[in-house]
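A.B. asks: Sequence:
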Amino acid sequence: MASESFDSLAALMADLGLDSNPTAGEIRVEEDLNLTIGYRFSPYDYELILYYLLKKILDLPLPLNIITEIDLHQYDPDQLPISEFSYGKPGEAYFFTQRERKYSCNSLSKRTTTTGYWKATGLDVKVFHKKLHIHIGFKKTMVFYWGKAPEGIRSPWIMHEYRLNPFLFPEAQQDDTLKSKIESYVVCRIRDKSDSLDGIERPGQGLDEKNKD
Numbered sequence: 001m002a003s004e005s006f007d008s009l010a011a012l013m014a015d016l017g018l019d020s021n022p023t024a025g026e027i028r029v030e031e032d033l034n035l036t037i038g039y040r041f042s043p044y045d046y047e048l049i050l051y052y053l054l055k056k057i058l059d060l061p062l063p064l065n066i067i068t069e070i071d072l073h074q075y076d077p078d079q080l081p082i083s084e085f086s087y088g089k090p091g092e093a094y095f096f097t098q099r100e101r102k103y104s105c106n107s108l109s110k111r112t113t114t115t116g117y118w119k120a121t122g123l124d125v126k127v128f129h130k131k132l133h134i135h136i137g138f139k140k141t142m143v144f145y146w147g148k149a150p151e152g153i154r155s156p157w158i159m160h161e162y163r164l165n166p167f168l169f170p171e172a173q174q175d176d177t178l179k180s181k182i183e184s185y186v187v188c189r190i191r192d193k194s195d196s197l198d199g200i201e202r203p204g205q206g207l208d209e210k211n212k213d
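Using the UniProt record's numbering, you'd call the opening residue of the sequence shown number 1 and step up by one each time.
These are computed hints drawn from the structure, not numbers from a lab. Do not take every clue at face value.
[Claimed, not checked] Quick list of the computed label-pair ranges, beta carbon to beta carbon: (1) A172 with Q74: 29 to 39 Å; (2) Y39 with K179: 32 to 42 Å; (3) A10 with A149: 41 to 51 Å; (4) Y87 with K148: 26 to 36 Å; (5) K193 with A149: 15 to 25 Å; (6) K130 with A172: 23 to 33 Å; (7) G17 with H135: 14 to 24 Å; (8) P90 with I70: 11 to 21 Å; (9) F167 with K89: 30 to 40 Å; (10) Q79 with A11: 38 to 48 Å.
Predicted model, so just to flag it, every value in this text is computed and none were measured. Don't be surprised by glycine CBs; every beta carbon is placed ideally from N, CA and C.
All chains should be built: construct the whole structure from the sequences, respecting the hints.
C.D. replies: This is how it looks when you write it as structure tokens:
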């Protein structure tokens, strides 16, 4: 298993343009890419994990410095700076965030926000490198609900959460810092599936509007 992990990691590092052990500190990085005018930021799932999340975890320069880090669970989706992300589709944005454990004794993540919660739909999907066929991560799909579970009101907000496959790194190469980053860091794509949030009532919204008069 350790040998397979090392071989997979070596192949991925070569694809990234790195010529050394990623934890050794002697890394050569290829020249960063530029987003050409007229092109839209729409990476494949494996590209998002490999070229952005993995590099983020390893503290390497990103191809494009357009994905900001934010604590997603401090905000409802309509409070996020979605419109400031002008590189992709309208109503869609990408963020790095760190998962917060719901309980210290297990790996369940906290999904609640200020006035709602994210609910997973289905099982996690394995993400493979398109050419190398290496299992590099997982994709989780979630829908946002206003209110408290399980009586929340479904919203048009969808989140795809991507995390790294921890078995890419041989156990001998994983110090406490690297393990912590692999467990906590994810990259998320959030989008509003509706044309507008107008007409979608949030719990308590009508009362709040009346109190303004």
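A.B. asks: Which hint numbers does the structure go against, in order from smallest to largest?
C.D. replies: none
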